[in-house]
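Going down the list, the sequences are from chains A and B. All the letters of the first sequence, read from the start, carry residue numbers 17 to 342 under the working numbering. All the letters of the second sequence, read from the start, carry residue numbers 3 to 414 under the working numbering.
Source of the hints: derived by calculation from the structure; they are not laboratory data. Worth double-checking, as some hints may not be accurate.
Claimed, not checked - Restricting the straight-line Cα-Cα distance to at most 20 angstroms, the calculated cross-link-like pairs of lysine to aspartate or glutamate (EDC-like) are:
| id | chain 1 | residue 1 | chain 2 | residue 2 |
| --- | --- | --- | --- | --- |
| 1 | A | 122 | B | 386 |
| 2 | B | 253 | B | 24 |
| 3 | A | 122 | B | 153 |
| 4 | B | 222 | A | 71 |
| 5 | A | 122 | B | 364 |
| 6 | A | 122 | B | 136 |
| 7 | A | 122 | B | 150 |
| 8 | A | 270 | A | 239 |
Unchecked claim - Some chain B residues near chain A, calculated using beta-carbon distances under 10 angstroms:
| id | residue |
| --- | --- |
| 9 | 145 |
| 10 | 170 |
| 11 | 368 |
| 12 | 371 |
| 13 | 375 |
| 14 | 380 |
As the list claims (entries may be wrong) - Looking from chain B toward chain A, a few residues come up when the C-beta cut is under 8 angstroms (computed):
| id | residue |
| --- | --- |
| 15 | 151 |
| 16 | 162 |
| 17 | 168 |
| 18 | 172 |
| 19 | 176 |
| 20 | 179 |
| 21 | 220 |
| 22 | 377 |
| 23 | 378 |
Each residue gets a CB set at the ideal place from its N, CA and C atoms; glycine is no exception.
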Amino acid sequence: MPTMTIAKAINAGLRTALAGDESVLLMGEDIGTLGGVYRVTEGLKSEFGGDRVIDSPLAESGIIGTSIGLSLRGYRPVAEIQFDGFVFPGFNQITTQLAKLHARSKGQLTVPVTIRIPYGGGIGSVEHHSESPEALFAHTAGLRIITPSNAHDAYWMTQQAIASEDPVIVFEPKRRYWLKGEVDTEDPGTSADPFRAHVLREGTDATVVAYGPLVPVALAAAEAAAEDGRSVEVIDLRSISPIDFDTVIASVEKTGRLVVAHEAPTFGGIGGEIASRVSERAFLSLEAPVIRVGGFHMPYPVAKVEEHYLPDIDRILEALDRAFSY
Amino acid sequence: MGVELPTTEFSDIPDELWLELEAHAHEAAEGHSAVVRLLDEKGGFAAGSKLADAVRALNPEDLRAMYRDMAMIRRFDIEATALQRQGQLSLWVPLRGQEAAQIGSGRATQPQDYLFPTYREHGVALTRGVELGELLRLFRGLSNGGWDPRETGFHLYTLVLAAQVPHAVGYAMGIQRDAARAEARGEDPGDPGAVVAYFGDGASSEGDVHESMVFAASFKAPVVFFCQNNQWAISVPAEVQSRIPLFNRAKGYGFPGVRVDGNDVLAVYAVTQWALARARAGKGPVLIEAYTYRQGAHTTADDPTKYRLSDEERMWLERDPVSRFEAYLRAEGIADDAFFADVAAAGDALAAKARADILSFEAPSLEDAFANVYAEPHPLVAEELAWHREYEAGFADTESAVDADRAQEGGR
Ligand SMILES: Cc1ncc(C[n+]2csc(CCOP(=O)(O)OP(=O)(O)O)c2C)c(N)n1
Ligand SMILES: [Mg+2]
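Assemble the whole structure, with the sequences as input and the hints as a guide.
Pasting the structure below:
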């Protein structure tokens with residue numbers, strides 16, 4: 017089984033999709049000749065041509081809008097948004113057009129557009145390069161949102177997003193682009209369904225749900241908790257819309273405690289959605305309130321203080337302590 | 003394409019006409035804001051140009067068909083406005099005054115073309131074979147359309163201003179790729195079509211129009227930007243949207259822009275055909291500014307007396323596109339009283355059908371709305387649908403209980 021970084025795995029996934037289906041096109045800023053600012057699309061233009069790997073004008077609404085038009089003509093465009101904070105010029109096209117066209121046309125039209133967005137902080141960057149806007153999209157019916165946390169998932173989710181008849185946003189954990197892992201390019205295995213959560217570590221005392229860049233942090237926190245004699249189950253949510261509540265609830269019914277961690281601000285975030293679902297469906301199993309760990313209600317702070325903003329092992333452990341103190 | 007579209011078959015554009023329009027566009031780019039016009043306000047014909055000669059050679063049958071479309075859609079529009087007043091529609095967006103801009107451009111398209119309207123393009127819909135009653139579904143609150151965009155090559159209406167314009171460019175980029183691939187396979191791509199994007203003077207200020215024009219120019223996409231400058235965006239006059247004639251903006255993007263008298267169906271037809279032919283020939287986009295006027299209110303919810311003078315309205319009524327064309331057809335002996343009476347009767351029949359259609363539409367249920375949120379199964383939608391059904395079923399019990407009560411009451 018080859019070992020590759022998440023960035024390389026996405027690149028390989030895109031290559032497989034381009035090779036397997038003539039209707040797949042890539043479009044974005046600097047994705048062609050340069051291969052993307054993170055080199056995720058490196059080599060694809062020379063392999064498949066500028067007609068299929070398109071260096072677009074610098075205009076996010078145009079990128080999403082023309083991708084929609086291409087999909088109406090039968091293509092499967094994969095649009096890259098260069099950084100999380102720059103998706104907003106395209107927000108209108110994503111939420112009022114892409115998300116709704118299938119429903120508006122009573123199913124006559126499909127718009128199988130994939131949008132790739134590198135997201136999240138921890139890279140010491142300037143403003144608008146470290147954000148986690150996934151909840152803004154999850155709130156919009158008609159979109160599917162997934163986020164890989166490892167190379168194997170990155171390889172398969174990229175292709176699964178492209179193959180979906182629905183629009184899919186893939187949030188790529190940019191600070192993990194260089195994280196290496198084994199990729200089974202023959203068999204997705206348990207990753208066959210991108211909308212299912214994975215239990216990465218079994219435990220009996222508490223559950224930590226995380227996704228994308230915080231998955232390794234959650235695993236490390238569980239490891240640390242084990243040293244204190246606490247058995248913590250870790251779930252990689254993988255899909256943010258839809259959310260695999262069944263897997264989360266089955267875990268909570270076993271452990272009785274839940275901590276949800278994400279980089280995005282907690283207010284109005286995915287953690288709140290999970291907390292309310294769990295309280296509705298598994299209230300009697302809960303030994304403690306569901307506790308959220310996430311960003312604060314502020315613009316993403318300057319790089320020199322981001323380590324105090326981003327949830328880390330200690331923040332998750334502190335949340336577990338609170339859960340155990342009930 | 004499943005539907006036979008009532009497009010008009012004209013001979014190919016003669017070279018001289020082509021050159022004349024190219025020259026016109028060039029002149030426009032140089033800053034002369036000449037308007038392409040053939041019919042004056044009294045229906046008099048401006049002979050003496052190649053464009054005029056080409057239009058003169060048009061088949062009388064086609065000219066009558068064009069008039070018929072204009073008169074029919076005007077009659078339909080009157081009926082729909084009345085239906086709204088009578089509470090049968092929640093809103094109507096009148097097209098009155100823009101018949102020439104819409105019928106002229108719509109009739110210049112071919113069945114393989116794909117058109118992206120805004121929300122006022124009822125005339126274009128007619129030329130694309132859209133069953134007009136379907137337009138009423140939207141404004142009655144039954145659906146967001148009703149016609150099949152793939153069958154008619156006429157996209158759903160878009161209410162988010164200008165959002166459809168980049169879709170048009172993307173679609174045109176798809177057409178380019180289809181053609182290139184067919185050629186690469188050694189096949190003759192035939193005519194894979196071209197695209198028309200409709201938008202208004204107000205929408206022209208939206209960033210999406212700018213981005214679309216950049217994309218279309220960079221990729222030489224086969225798309226015609228058709229801007230109906232009807233002078234108003236609700237209450238805001240066109241001067242607030244642009245300090246230069248709108249068509250001049252094309253120059254900044256690097257493709258031709260032409261202003262056409264939007265109340266002259268012959269000129270609109272000729273210019274649109276030229277722009278589409280140019281797009282098909284791989285020469286890239288064109289911006290057409292159809293200079294016209296919204297004779298009625300913005301929508302049935304609007305009161306134009308709040309922002310514009312009746313003098314202005316009167317002036318534009320004198321330029322009315324339908325009576326102007328009628329005057330021409332009469333003067334040329336192309337159509338007579340019998341023809342106009344026949345069209346009026348057909349219009350009344352269409353109006354009566356609209357009125358009947360509207361009452362025959364099946365009421366939608368919220369349950370339908372769960373069906374196409376996603377193309378593939380989605381657990382949350384399934385869960386909420388199940389809950390909704392159960393909840394509604396609870397009322398079914400109540401309703402039958404109430405019915406039973408009533409029956410009892412009646413029996414007492
Ligand atoms: C993005 C957006 N902003 C505002 C509106 C509200 N609105 C509806 S129509 C209209 C004016 C449009 O004017 P114009 O583009 O000239 O088209 P016309 O109505 O004259 O055909 C406005 C402001 C809207 N539909 N979409
Ligand atoms: Mg207007």
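Do the hints match the structure? See the list:
Only pairs whose Cα atoms come within 20 angstroms are accepted, and residue 122 of chain A paired with residue 386 of chain B is accepted, the gap being roughly 18 angstroms. With a C-alpha separation of about 13 angstroms, the suggested pairing of residue 253 of chain B with residue 24 of chain B holds against the 20 angstroms cut-off. For the hint pairing residue 122 of chain A with residue 153 of chain B, the CA-to-CA distance comes to about 14 angstroms; that is within 20 angstroms, so the pair holds. Restraint check: the Cα-Cα separation between residue 222 of chain B and residue 71 of chain A comes to about 14 angstroms, which is no more than 20 angstroms; the hinted pair holds.
For the proposed pair residue 122 of chain A and residue 364 of chain B, the alpha carbon gap of about 15 angstroms is at most 20 angstroms, so the pair holds. A distance of roughly 14 angstroms separates the Cα atoms of residue 122 of chain A and residue 136 of chain B; the hinted pair therefore holds under the 20 angstroms criterion. Simply put, residue 122 of chain A and residue 150 of chain B have alpha-carbon atoms about 10 angstroms apart, close enough for the 20 angstroms limit, and the pair holds. For the suggested pair residue 270 of chain A and residue 239 of chain A, the alpha carbons sit about 19 angstroms apart, so the restraint of at most 20 angstroms is met.
Contact between residue 145 of chain B and chain A, as hinted, is supported at the beta carbon level, the nearest pair being about 7 angstroms apart and thus within 10 angstroms. At a threshold of 10 angstroms, the smallest CB-CB gap from residue 170 of chain B to chain A is about 6 angstroms, leaving the interface hint in force. Contact between residue 368 of chain B and chain A, as hinted, is not supported at the beta carbon level, the nearest pair being about 13 angstroms apart and thus beyond 10 angstroms. For residue 371 of chain B, the interface hint holds, since its Cβ comes within 10 angstroms of a Cβ in chain A; the closest pair sits about 7 angstroms apart.
Restraint check, residue 375 of chain B versus chain A: the minimum CB separation of about 5 angstroms is within 10 angstroms; hint holds. For residue 380 of chain B, the shortest C-beta to C-beta distance to chain A is roughly 6 angstroms, which falls under 10 angstroms, so the interface hint holds. The beta carbon of residue 151 of chain B is positioned within 8 angstroms of a beta carbon in chain A (closest approach about 6 angstroms), and the interface hint is therefore held. The closest approach between the C-beta of residue 162 of chain B and any C-beta of chain A is roughly 5 angstroms, which is under the 8 angstroms cut-off, so the hint is satisfied.
The interface hint given for residue 168 of chain B is met, as the beta carbon of that residue sits about 2 angstroms from the closest beta carbon of chain A, less than 8 angstroms. Taking 8 angstroms as the C-beta contact cut-off toward chain A, the hint placing residue 172 of chain B at the interface holds, the least distance being around 2 angstroms. For residue 176 of chain B, the interface hint holds, the least distance from its beta-carbon to any beta-carbon of chain A being 3 angstroms, beneath 8 angstroms. Look at residue 179 of chain B: its Cβ gets to within about 6 angstroms of chain A, closer than 8 angstroms, so that hint holds up.
Because the beta carbon of residue 220 of chain B sits about 6 angstroms from the nearest beta carbon in chain A, less than 8 angstroms, this interface hint is met. For residue 377 of chain B, the shortest C-beta to C-beta distance to chain A is roughly 4 angstroms, which falls under 8 angstroms, so the interface hint holds. For residue 378 of chain B, the shortest C-beta to C-beta distance to chain A is roughly 6 angstroms, which falls under 8 angstroms, so the interface hint holds.
Against the hints set out earlier in the document, a violation occurs for number 11 only.
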